[in-house]
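Student: Heads up: the sequence lines are chains F and A, in that order.
Heads up: the first sequence runs through residues 1 to 176, numbered per the numbering used here.
Heads up: the second sequence runs through residues 1 to 177, numbered per the numbering used here.
Simulated from the structure, these hints should not be mistaken for laboratory data.
Quick reminder that beta carbons are idealized off the backbone N, C-alpha and C, glycines included.
What you were told as hints is all true, and nothing was included just to trick you.
With a straight-line cut-off of 35 Å between C-alpha atoms, the simulated DSBU-like cross-links for lysine-lysine are:
| hint | chain 1 | residue 1 | chain 2 | residue 2 |
| --- | --- | --- | --- | --- |
| 1 | F | Lys63 | F | Lys37 |
| 2 | A | Lys60 | A | Lys6 |
| 3 | A | Lys12 | F | Lys63 |
| 4 | F | Lys75 | A | Lys86 |
| 5 | A | Lys60 | F | Lys75 |
| 6 | F | Lys49 | F | Lys37 |
| 7 | A | Lys27 | F | Lys77 |
| 8 | A | Lys6 | F | Lys77 |
| 9 | A | Lys6 | A | Lys27 |
| 10 | A | Lys173 | A | Lys120 |
| 11 | A | Lys120 | F | Lys19 |
| 12 | A | Lys27 | F | Lys75 |
| 13 | A | Lys120 | F | Lys75 |
| 14 | A | Lys86 | A | Lys60 |
| 15 | F | Lys77 | A | Lys86 |
| 16 | A | Lys12 | F | Lys77 |
| 17 | A | Lys86 | A | Lys120 |
| 18 | F | Lys77 | A | Lys120 |
| 19 | F | Lys63 | A | Lys86 |
| 20 | F | Lys19 | F | Lys7 |
| 21 | F | Lys49 | A | Lys120 |
| 22 | A | Lys155 | A | Lys12 |
| 23 | F | Lys63 | A | Lys6 |
| 24 | F | Lys37 | A | Lys155 |
| 25 | F | Lys19 | A | Lys155 |
| 26 | F | Lys75 | A | Lys6 |
| 27 | A | Lys12 | A | Lys27 |
| 28 | A | Lys120 | F | Lys63 |
| 29 | F | Lys49 | A | Lys173 |
| 30 | F | Lys63 | F | Lys77 |
| 31 | F | Lys63 | A | Lys27 |
| 32 | A | Lys173 | F | Lys7 |
| 33 | A | Lys120 | A | Lys27 |
Some, not all, of what chain A presents toward chain F, calculated at C-beta under 8 Å:
| hint | residue |
| --- | --- |
| 34 | Leu161 |
| 35 | Arg165 |
| 36 | Glu166 |
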Amino acid sequence: MYYMNIKTLLCSIRVYFSKRWISAYSDGALDRVTRTKVIRLLEQCPEAKAYLEQLLRLDRTIKAVPSLMPPDSLKQKIDSAIINSGSPAMQNRRSAKAHPHAWVYILSSVFIVIAAITLTFGIKRHGHNARQSETMFASMDMYRHMDLYEHMDMIEHMKEVMTVDRDTGNNSGVVK
Amino acid sequence: MDEDTKTMLRLKNGDRAAFDELYARFKIRIYNYIFRYLGNRYSSEDVTQEVFVRMYTSAKSYEPTARFSTWLFTIATNLAINEHHKTRHAEMFDDNSAQDNTLSTEEHAVFGNMEQNLLKIIGNLPENQRTALLLRSYEGMDYQEIAAVLQVSEKAVKSLLSRARENVLHEYKNAAM
Chain F
1 MYYMNIKTLL
11 CSIRVYFSKR
21 WISAYSDGAL
31 DRVTRTKVIR
41 LLEQCPEAKA
51 YLEQLLRLDR
61 TIKAVPSLMP
71 PDSLKQKIDS
81 AIINSGSPAM
91 QNRRSAKAHP
101 HAWVYILSSV
111 FIVIAAITLT
121 FGIKRHGHNA
131 RQSETMFASM
141 DMYRHMDLYE
151 HMDMIEHMKE
161 VMTVDRDTGN
171 NSGVVK
Chain A
1 MDEDTKTMLR
11 LKNGDRAAFD
21 ELYARFKIRI
31 YNYIFRYLGN
41 RYSSEDVTQE
51 VFVRMYTSAK
61 SYEPTARFST
71 WLFTIATNLA
81 INEHHKTRHA
91 EMFDDNSAQD
101 NTLSTEEHAV
111 FGNMEQNLLK
121 IIGNLPENQR
131 TALLLRSYEG
141 MDYQEIAAVL
151 QVSEKAVKSL
161 LSRARENVLH
171 EYKNAAM
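Take these sequences, add in the hints, and give me the full structure.
Tutor: Below, the structure is given as structure tokens:
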């Protein structure tokens, strides 16, 4: 009795770990060596045999589910879908239909591109003008600061240097 | 090269009649596969339509690297998954949209209670488990083909199928109790 229980328990364990092989065996999808092992298990364990029978019964039940007939209108629908898909014009139309707001995206993109071009050239032009203006203003600043009095001072200073040079015999580099 | 692939190559070369042939061969399989995946007749019609339109529009780029049915079911699976995500997303914001998943009177007449329960249980499986189970049980695809559709390894398919069956058995027993 005790021996029988142990044997049944071992069988249960073997079946639990062999379900994948029994399933594949029911499909005839095992190599020769594995198939021999499964056959031996089926001979030794009634539980394995019962599991195989369950699988085969399930397969028969699944296969017995009746098939439905597709509606006759299906072929017409397919034919018209094919005709539509064959014409590039229709494909474009379908694409527009699939994206009903496509024109908004297109217009936005065009606007962004135009804005980007305008800004880029505007900044470049502004930069060029700004550089010209800077040069002009720098020159104007120089002349504005060197007013008439400064010119007179400079001439007076040069006269003084020339007088000192003549008296001392030095040459300070001022052109006589 | 199988007959379907040859027909698809004819479509690729501009033979419009080849499209009608492929539609006639696959319409029931694709429609039912999507219906079993989504559990919604109206969405299934839309998705089936999209599958065949894609088949037509992708014909130019079609290369017979795998079986044609694998290629077509990959399209169907991807579109069904997208639709499932959309529906689930809509349901999160709109409780009324969940009502669309109920079967119509016509479908009640076709499916018994047992089938309805089964479809519901399969519909609640995780995406990859559901795809693997449907492709294996209804389409009879081998592990290599299922792996190609799901873009996973064959080992993963083995595991997905085992877990899918285990989950269905578990839920089915609970529903029967």
